[in-house]
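Using the sequences and the hints, build the whole thing.
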Amino acid sequence: MSNLLRTNCAGAAHWISRFTLAKCLGGGSLLDVKFFLVLLAAAMLPAATVDLAGHTRDPFGAPAAARVFIFVRSDCPVTNRYAPELEHLFQEFSARSVEFWLVYPDPSETPATIKKHMLDYGFPGQPLRDPQHDLVKRAHADTAPEAAVFDSKNDLVYHGRIDDLWASPGRARPMPTTHDLEDAIAAVVDGRAPRQAETRAVGCSLADVAPDPGK
Amino acid sequence: MPHGACGPIKRCGTGLSLWAVIAAFIIVPTLHAVTFSADIAPIVYHYCAPCHRPGESGPFSLLTYTDVKKHARQIADVTQRRYMPPWLPDPGPFQDQLRLTDDQIRIFAEWAAAGAPEGDPTETPAPPKFTEGWQLGPPDLILNTDKAFTVPASGPDVYWNFIFSANVAARKWVRAIEIRPGNARVIHHANLYVDYARSARQNGDGFPGMDPVIERSIYEPDDGHFLYWKPGGIPYSEPDGFAWRLDPATDLVLNAHMLPSGKPEQVRPQIGLYFTDHPQTRFPMLIELEHDGALNIPAGDRDFLVSDDFKLPMDVQILAIYPHAHYLGHLLEAYATLPTGERRPLIRIRDWDRNWEAVYRYRDPLFFPKGTVVSMRFHYDNSSANIRNPNNPPKRVHAGNTANDEMGHLWLQVLPDGPRDRRVELEQALLEHWLAKYPHDYAAHLHLGAIHLAKLDPGAAASDLEAAVRAEPLNPEGHNLLGSAFLALGRGPDAILQFREAIKLRPDYQNARYNLARALIKSGQFDEATTLFRQVVAAFPNDAMARNSLGELLFHAGKYQEALEQFNRAIALDSSLEIAKKNREVTLQELHK
Chain A
1 MSNLLRTNCA GAAHWISRFT LAKCLGGGSL LDVKFFLVLL AAAMLPAATV DLAGHTRDPF
61 GAPAAARVFI FVRSDCPVTN RYAPELEHLF QEFSARSVEF WLVYPDPSET PATIKKHMLD
121 YGFPGQPLRD PQHDLVKRAH ADTAPEAAVF DSKNDLVYHG RIDDLWASPG RARPMPTTHD
181 LEDAIAAVVD GRAPRQAETR AVGCSLADVA PDPGK
Chain B
1 MPHGACGPIK RCGTGLSLWA VIAAFIIVPT LHAVTFSADI APIVYHYCAP CHRPGESGPF
61 SLLTYTDVKK HARQIADVTQ RRYMPPWLPD PGPFQDQLRL TDDQIRIFAE WAAAGAPEGD
121 PTETPAPPKF TEGWQLGPPD LILNTDKAFT VPASGPDVYW NFIFSANVAA RKWVRAIEIR
181 PGNARVIHHA NLYVDYARSA RQNGDGFPGM DPVIERSIYE PDDGHFLYWK PGGIPYSEPD
241 GFAWRLDPAT DLVLNAHMLP SGKPEQVRPQ IGLYFTDHPQ TRFPMLIELE HDGALNIPAG
301 DRDFLVSDDF KLPMDVQILA IYPHAHYLGH LLEAYATLPT GERRPLIRIR DWDRNWEAVY
361 RYRDPLFFPK GTVVSMRFHY DNSSANIRNP NNPPKRVHAG NTANDEMGHL WLQVLPDGPR
421 DRRVELEQAL LEHWLAKYPH DYAAHLHLGA IHLAKLDPGA AASDLEAAVR AEPLNPEGHN
481 LLGSAFLALG RGPDAILQFR EAIKLRPDYQ NARYNLARAL IKSGQFDEAT TLFRQVVAAF
541 PNDAMARNSL GELLFHAGKY QEALEQFNRA IALDSSLEIA KKNREVTLQE LHK
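Which chain is which? The protein sequence lines are A and B, in order. Numbering follows my numbering, in which position 141 of the first sequence is assigned residue number 141; successive positions increment by one, without gaps. Numbering follows my numbering, in which position 382 of the second sequence is assigned residue number 382; successive positions increment by one, without gaps.
Hint data in this document are derived by calculation from the structure and do not stem from the laboratory. Even for Gly, the Cβ is constructed at its ideal location relative to N, Cα and C. Check each hint, because a few of them may be wrong.
Partial chain A-side listing against chain B, Cβ under 7 Å, derived [said to hold, decoys possible]:
1. 77
2. 80
3. 81
4. 83
5. 120
6. 170
7. 174
8. 208
9. 209
Just a few of them, taken from the derived set where beta-carbon distance is under 7 Å, the chain A residues facing chain B [stated by the list, open to error]:
10. 75
11. 84
12. 121
13. 167
14. 169
15. 173
16. 207
In structure tokens form, the structure reads like this:
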């Protein structure tokens, strides 16, 4: 592998899906390199996340001690049941310079349905649409609800479940025994690394609402 | 493929067959790419759409291609886990078995993996038409709750009992009920109990609890029907002759299991009743296998067994089955062992999930001859490996009504063979079985004693009723019935003692007063009886029977004018009281002499 490729692979680890990274590290032809460079270029553009007024909005713009993204679907009962817990976390941490973002990756969710969803359940945070799944990929999220925590340097330090209430689809504990998201945010705010960088989230599939490849 | 088709080399023959089999597995699935239009739509319409449509319990609709595509991978996952469609038992001879075949599950997986293609939309079958509102049409009577119940936004499961006043003016025969939960997404399951004695409303117009206690009169073996709501089901209509009785001044108690959704939810159920003119002529009964008294599960025990076995005292048909447990149950099963020794499964649930508790009706009634033993075997896991354990860390668990306790009940709807009402016979066998488990149970002894009295066997009655009184000496009903048994045995003084005790324990016990008067009359103590009845009439001036009884005593003492007064008052209070009319005639005759 050329030096250029090696450097770019390092970048890929940061920005691009694991699939692409694997392909890159597998080495190979010039065609691979071109493909990879194109992807890298695309990834360096600001993420095409959009606020409810339709304007591109970069959630990594302002400085923050931590950034918490919750990936949600309004038609997901697992997600909705977490609204009170998320509100609790918001109350606990928003005064400590932690940003909360509620991310809707389903391209068919409209600003109207999103507003209603947030109002009905009292979800906290700033809503963001992610129709191209750019943020989804950056956060390595695949489930709704899934949380992703970035530190003040915009590095992903945690992604996964909010707590262990759900062991698997349809199997819930009477009460959670871990509070993974709360612990992760607290760690970041205290300048530590979260105990676990990733956990398995249980809920509704984000791949099911991925944008069509042709678009 | 005939043997030796390849001559002396047999291998040739087997080889070709093997290839045929392999080809079938490889080629068939890929010959035809799975599409929504051709393959997915029919399955979804049948197994998913009844719940996954607006107004029903599914949290999202699955009626169109767009709907289903948005959940393609999720569907592949939850069907492969057999979490959806919800169906707990192993395959069996059940009605409306909501269970996918392995093939159907594979089809969902292939479809998701292929990117959920639509296929030819012109070929997509039309989605099913569902009846809006009341599924059985407009009910004959709709019952409403006075106030809504609010499920909080978060927290554990909630159990609430709604009380409905069934305000019918005269006896009705109910052929069907429909429960409209009012918020189908929040209610998981609901059972309906008929509260003839209106005992539940002592708790208020609604009250919490997983298993409400409904008082049952020992004289009414009713309670032969499973009345319930479960998601997606069409309400059940009883076959002709199976309608159940609903009398005025009866309550219906709806026990609802609800789950927080993330926001506060209002729940306001309604019940629709459908009547028939055909009275009940077939008399099924709900029988319960249990051994709650032995339910004592140590913390950490991974496989605690609760068993019960009951020998059927007559030929029966089993119509439906309802296994009930709380959160620790894991393997629940029931089976029947015929007199020949042959064992037949009734139900087997390998991974019990309280959220999907349900009544299961058999497609055709299962026939079992007299002497068949029905058995329940419920296994419980009270370790921390059971993620549904309500106690963390696990603690010792007994039988009880709350979510932290446990229960194990296997209910069967049983129809004794033959045209007559044989419920008392079956009830007697059940009570005897109960007493074998719980020898000092007051209610069972009382009930069995009452049955013996009704069968005119006061000797047997006295034995059971003495046991009842020993078990609960402060319960007036035991004394009253024991007195009746003694009276029938000709033991006057003993009877009088018992009736006096009953009245002492409950001063307004009218039935005991009548019995005491009868006993006094039988032993010739007319003056005392008369005094007693004067007291009753003074305390209850509108009791026609009391006045009639007083009249009879006065007649006996020769006080015909006073007697006549009482008979006239009795008839004025209750014009249908034939005995009072007859007594008046006889008294008038005496007065004219």
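For each hint, the structure was consulted:
1. 77: 4 Å, holds
2. 80: 4 Å, holds
3. 81: 4 Å, holds
4. 83: 4 Å, holds
5. 120: OK, holds: residue 120 of chain A within 7 Å of chain B, min 6 Å.
6. 170: Result: holds, 4 Å to nearest chain B Cβ.
7. 174: Holds, because the Cβ-Cβ distance from residue 174 of chain A to chain B comes to roughly 5 Å (cut-off 7 Å).
8. 208: 5 Å, holds
9. 209: The hint holds - residue 209 of chain A has a Cβ within 7 Å of chain B, the shortest such distance being about 6 Å.
10. 75: Since the shortest Cβ distance to chain B is 4 Å, the answer is holds.
11. 84: 4 Å, holds
12. 121: Holds, about 5 Å.
13. 167: 5 Å, holds
14. 169: Constraint on residue 169 of chain A satisfied, holds at 5 Å.
15. 173: At 5 Å from the nearest chain B Cβ, residue 173 of chain A passes the 7 Å test, so the hint holds.
16. 207: 6 Å, holds
Going through the hint list in order, the structure satisfies each hint without exception.
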